[in-house]
Amino acid sequence: MILGLFYSKIKPAISGYVGVLGLLISTSLSLYTAYNYFFVIAKTEGIYQTIVEKTVWMNFSDSLRIDMGILVDPISVMLLIVVSVISLMVHIYSRGYMKGDPGYTKYFAFLSLFTFSMYGLVLATNLFQIYIFWELVGVSSYLLIGYYYTKESAVAAAKKAFIVTRFADLGFLIGILIIGYYTGTFDFETLNNPEGASILNWASTSFMGLSALTWALILIFIGGAGKSAMFPLHIWLPDAMEGPTPVSALIHAATMVVAGVYLVARLFPMYYFIEDGFALNIVAFVGAFTALFAAVIAITQTDIKRVLAFSTMSQLGYMMMALGVSGYEGHEGLGYMASMFHLFTHAMFKALLFLCAGSVIHAIHSNFLKDMGGLRKYMPVTNITFLIAALAIAGVPPLAGFWSKDEILVAAFEHNKFLYIIGLFVAGLTAFYIFRIYFGIFWGKEGAYQNKPHESPWSMTTPLLILAFLSIVGGFIPFSEFISADKTGFETHINYPLAAIAVFAGLIGIGLSWLFYKKENELADKFANRLGVLFTWAFHKFYFDELYLFVTKKILFNIIARSAARFDKKYVDGTMVGIGNQTVNTSENIKGLQSGKVQDYAFAFIAGAVVLAIIFIYLWTN
Amino acid sequence: MILGISIYEILTVTSILFFIGVYGFITRTNLISILISVELILNASVVNFVVINKYLFPEVLQGVYFSIFIIAVAAAETALAVSIIINLYRQISSVEVKDIETMKY
Amino acid sequence: MERIVFYCLAAVIIVFGIASVTSRKMLRSVIYLSFVLVSIAGIFFLVDYNFLAAIQLTVYAGGIVVLIIFSVLLVHHIEMELEMAKTSKKIVTALACLIGLGVFLTAIYTYDFNVINNSITTTTADIGAGLLSYGAGGFILPFEVISVLLLAAMIGAIVIAKGEKLTEKNNQP
Numbered sequence: 001m002i003l004g005l006f007y008s009k010i011k012p013a014i015s016g017y018v019g020v021l022g023l024l025i026s027t028s029l030s031l032y033t034a035y036n037y038f039f040v041i042a043k044t045e046g047i048y049q050t051i052v053e054k055t056v057w058m059n060f061s062d063s064l065r066i067d068m069g070i071l072v073d074p075i076s077v078m079l080l081i082v083v084s085v086i087s088l089m090v091h092i093y094s095r096g097y098m099k100g101d102p103g104y105t106k107y108f109a110f111l112s113l114f115t116f117s118m119y120g121l122v123l124a125t126n127l128f129q130i131y132i133f134w135e136l137v138g139v140s141s142y143l144l145i146g147y148y149y150t151k152e153s154a155v156a157a158a159k160k161a162f163i164v165t166r167f168a169d170l171g172f173l174i175g176i177l178i179i180g181y182y183t184g185t186f187d188f189e190t191l192n193n194p195e196g197a198s199i200l201n202w203a204s205t206s207f208m209g210l211s212a213l214t215w216a217l218i219l220i221f222i223g224g225a226g227k228s229a230m231f232p233l234h235i236w237l238p239d240a241m242e243g244p245t246p247v248s249a250l251i252h253a254a255t256m257v258v259a260g261v262y263l264v265a266r267l268f269p270m271y272y273f274i275e276d277g278f279a280l281n282i283v284a285f286v287g288a289f290t291a292l293f294a295a296v297i298a299i300t301q302t303d304i305k306r307v308l309a310f311s312t313m314s315q316l317g318y319m320m321m322a323l324g325v326s327g328y329e330g331h332e333g334l335g336y337m338a339s340m341f342h343l344f345t346h347a348m349f350k351a352l353l354f355l356c357a358g359s360v361i362h363a364i365h366s367n368f369l370k371d372m373g374g375l376r377k378y379m380p381v382t383n384i385t386f387l388i389a390a391l392a393i394a395g396v397p398p399l400a401g402f403w404s405k406d407e408i409l410v411a412a413f414e415h416n417k418f419l420y421i422i423g424l425f426v427a428g429l430t431a432f433y434i435f436r437i438y439f440g441i442f443w444g445k446e447g448a449y450q451n452k453p454h455e456s457p458w459s460m461t462t463p464l465l466i467l468a469f470l471s472i473v474g475g476f477i478p479f480s481e482f483i484s485a486d487k488t489g490f491e492t493h494i495n496y497p498l499a500a501i502a503v504f505a506g507l508i509g510i511g512l513s514w515l516f517y518k519k520e521n522e523l524a525d526k527f528a529n530r531l532g533v534l535f536t537w538a539f540h541k542f543y544f545d546e547l548y549l550f551v552t553k554k555i556l557f558n559i560i561a562r563s564a565a566r567f568d569k570k571y572v573d574g575t576m577v578g579i580g581n582q583t584v585n586t587s588e589n590i591k592g593l594q595s596g597k598v599q600d601y602a603f604a605f606i607a608g609a610v611v612l613a614i615i616f617i618y619l620w621t622n
Numbered sequence: 001m002i003l004g005i006s007i008y009e010i011l012t013v014t015s016i017l018f019f020i021g022v023y024g025f026i027t028r029t030n031l032i033s034i035l036i037s038v039e040l041i042l043n044a045s046v047v048n049f050v051v052i053n054k055y056l057f058p059e060v061l062q063g064v065y066f067s068i069f070i071i072a073v074a075a076a077e078t079a080l081a082v083s084i085i086i087n088l089y090r091q092i093s094s095v096e097v098k099d100i101e102t103m104k105y
Numbered sequence: 001m002e003r004i005v006f007y008c009l010a011a012v013i014i015v016f017g018i019a020s021v022t023s024r025k026m027l028r029s030v031i032y033l034s035f036v037l038v039s040i041a042g043i044f045f046l047v048d049y050n051f052l053a054a055i056q057l058t059v060y061a062g063g064i065v066v067l068i069i070f071s072v073l074l075v076h077h078i079e080m081e082l083e084m085a086k087t088s089k090k091i092v093t094a095l096a097c098l099i100g101l102g103v104f105l106t107a108i109y110t111y112d113f114n115v116i117n118n119s120i121t122t123t124t125a126d127i128g129a130g131l132l133s134y135g136a137g138g139f140i141l142p143f144e145v146i147s148v149l150l151l152a153a154m155i156g157a158i159v160i161a162k163g164e165k166l167t168e169k170n171n172q173p
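Protein chains in written order, with my numbering: chain A, 1 to 622; chain B, 1 to 105; chain C, 1 to 173.
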């Protein structure tokens, strides 16, 4: 049942057709797998079985092995669908968007590489395999962000992304090693077993008041936080918008950034049981804080891609928070289910938002809000699809976002009221900033357009329409039947009061932005001036970039990097050059053997014969 | 056999002569001197053959025949060596060893 | 009686051998060589190989030494002193030779030669018969080969030593 051909390999494509074809195959395979898994094989004893195929790769000891394999279980199948569908949409879209770009082939090769890495990550059977693909994803995103390699800002952004996530991965690796050491295995199946040794014995070793395993889980979460742009490792995500917009859609809306969430979800039983979920609390608070932080900044930004980037950060914060407030058994596992559900729906509408933004940017050749306005007359398809996505993210029923966001808020309400309040506030802010840019782009006074902007070609609008459709119907999938923390399904019911409050918050946000932005007026600016310094701070993303830059430049570069460079130059290079010089000197010295003098040769001959004679006589007498 | 002389003494003499020839071959700087040293070496080997034939195998004469051949060959070789030396002298007007090191690195 | 003769001859061989190899003057080196060769002929007389001794005297002491003297006169200033090699080279070579000599002597003295005492006198007729016999133990083939070799050597020597001038003379008219 498990097909080996989930992996798109890098193809030296001559045209985008090959790339799209590869993705079509992968997508259909993943859909087929999902169908098989959920409906045909379905539950045995009420639990979805985890199916694992693996081969031993490296053996450290009997139990500590690193295998390579494929793990099929509810969340991995779901993510497979997400990755393939979104990637397929992006491939089709890119054929239109990147037309005429000189690096067309390279672009599709990178996209395929990225999709492959993502598949590997999702299907990993153990911590080490997921780490390998984690790094691969990081590399491919570096390649894609820095795709416009002639632009210096793009190159810097790519480097920043890679370095920040690399730094987080350091924590990840240490966490992996600690887990491997204390539990003796990397395998997910063994680790996640609630009756297994690793979970039952969590209290056996402790370090500074917390179990060693808790530290490991916190460290792994740091790795996930880097990839998912949680505070304070978020600085790379806004700058990563330097890449082409379809890349932003693929990587930063739907797939790479959810890798962190996926990691925590994958290890969820460990997080829940160990130290009574201490690490889980940290996850929840970091997630909530990030959501709030990002939403506040998003209100002030003028570059539409940056607004969307901060929006992504905020939604990721939601997902992390949902995981954090989740329980385990059956209905208690609402947060887990809600997080995965939100991941699914968010992928749809965020990708749609990005692709629409790309369509707009393609028409106007500028990213900035002030250059846009009144586009609804020229780009009707984009207008409608953007509106659908904006409504979805604001949580308006019956679109997909409402269902998933509502479940998150319910889970938060049942666990911790404070987090619920934050979640609600962020929901309102989300609606506000999304409609701010919606009105800014499509309504209001027309910007100064040099040529009349035209609607995008059908290769770009088709994915928009497909994703819009999915955003609408996606909410109706009875997700909880399929995905839950302990792999049994459960029924969810709508909690009407809470749902109503959430919708109300969203509507307030929409209303406010209507007031401020639908028609061109002074209200927004006056409000901003009233808020004064707070506004400036938010606008400059709370100066975090400057802080990090200062620390790294002054301290790290000067002290550590310079001395390392000097050491390298003197000693390491010196050794290599020295070996070369030695060889030359030796050859100079033994050149004399080839003297051309017969007498010297004769001498060597005689001496050699004598030596041989001595040896043989010595041996002979013995 | 020579009455009263054991084989060991004769073989000692020839060995000494052999190594005198080797020493001369390696040490001398003049081509003709090298030729002379080669003659010494060859003579030592001739005496060796003869003595062993006489002392150990007196009824056969292979040693003698071989010695005749060695002498003949030595003569031919010397003749050719001299002609080469004369030719060389015509080219470079010298018969010193240090002037013919053209096969150096 | 023979012992004394032998020891004299041996002394002559060794002393004049060393002298020949270390002499500074060319001609003296050749003369010392001829002394060595004659002494070796004497040894041959002592072991009753008269024919071989005669050959030695004729070919070696007569022919080869004369040849070498002629070449010396052709290419050399007689009165010039020969250069000797560097001292370091001499010492190293001497050392190597001494070690080699040691090896030889060790090999010789540790071996038991089963000496057969006899007094057979070989006549020239015996040598001739053996050289030209076709049967087993005959040396007719090497004999013929040697004659071819000598022919080749003669021709080769003439060609090599002929040099440029004679050929130019032949090519001119």
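A few of these clues could be false.
With a cut-off of at most 27 Å between alpha-carbon atoms, the simulated DSS-like pairs for lysine-lysine come out as follows [said to hold, decoys possible]: (1) A/151 <-> A/106; (2) A/569 <-> B/98; (3) B/98 <-> A/597; (4) B/98 <-> C/86; (5) A/591 <-> C/162; (6) C/90 <-> A/591; (7) C/89 <-> B/98; (8) C/90 <-> A/417; (9) C/90 <-> B/98; (10) C/86 <-> A/417; (11) C/25 <-> C/86; (12) A/159 <-> A/597; (13) B/98 <-> C/25; (14) C/162 <-> C/86; (15) A/597 <-> C/90; (16) C/89 <-> C/25; (17) A/151 <-> A/377; (18) A/591 <-> C/89; (19) A/377 <-> A/417.
Rough simulated footprint, nothing fancy, chain B against chain C, three-plus residues with beta-carbon under 8 Å [stated by the list, open to error]: (20) 40-52; (21) 63-75; (22) 87-101; (23) 106-116; (24) 122-134.
If you want the ones that stay clear, here's a sample from chain B, every Cβ over 10 Å from chain A, calculated [stated by the list, open to error]: (25) 6; (26) 22; (27) 25; (28) 27; (29) 34; (30) 69; (31) 72; (32) 75; (33) 88; (34) 89; (35) 97; (36) 102.
What the hints contain is simulated information worked out from the structure, not anything from laboratory work. Glycine is no exception: its CB is placed at the ideal position from the N, C-alpha and C atoms.
Which hints, by number, does the structure contradict?
Hints 2, 5, 8, 10, 12, 14, 17, 19, 26, 27, 28, 29, 35 and 36 contradicted; others consistent.
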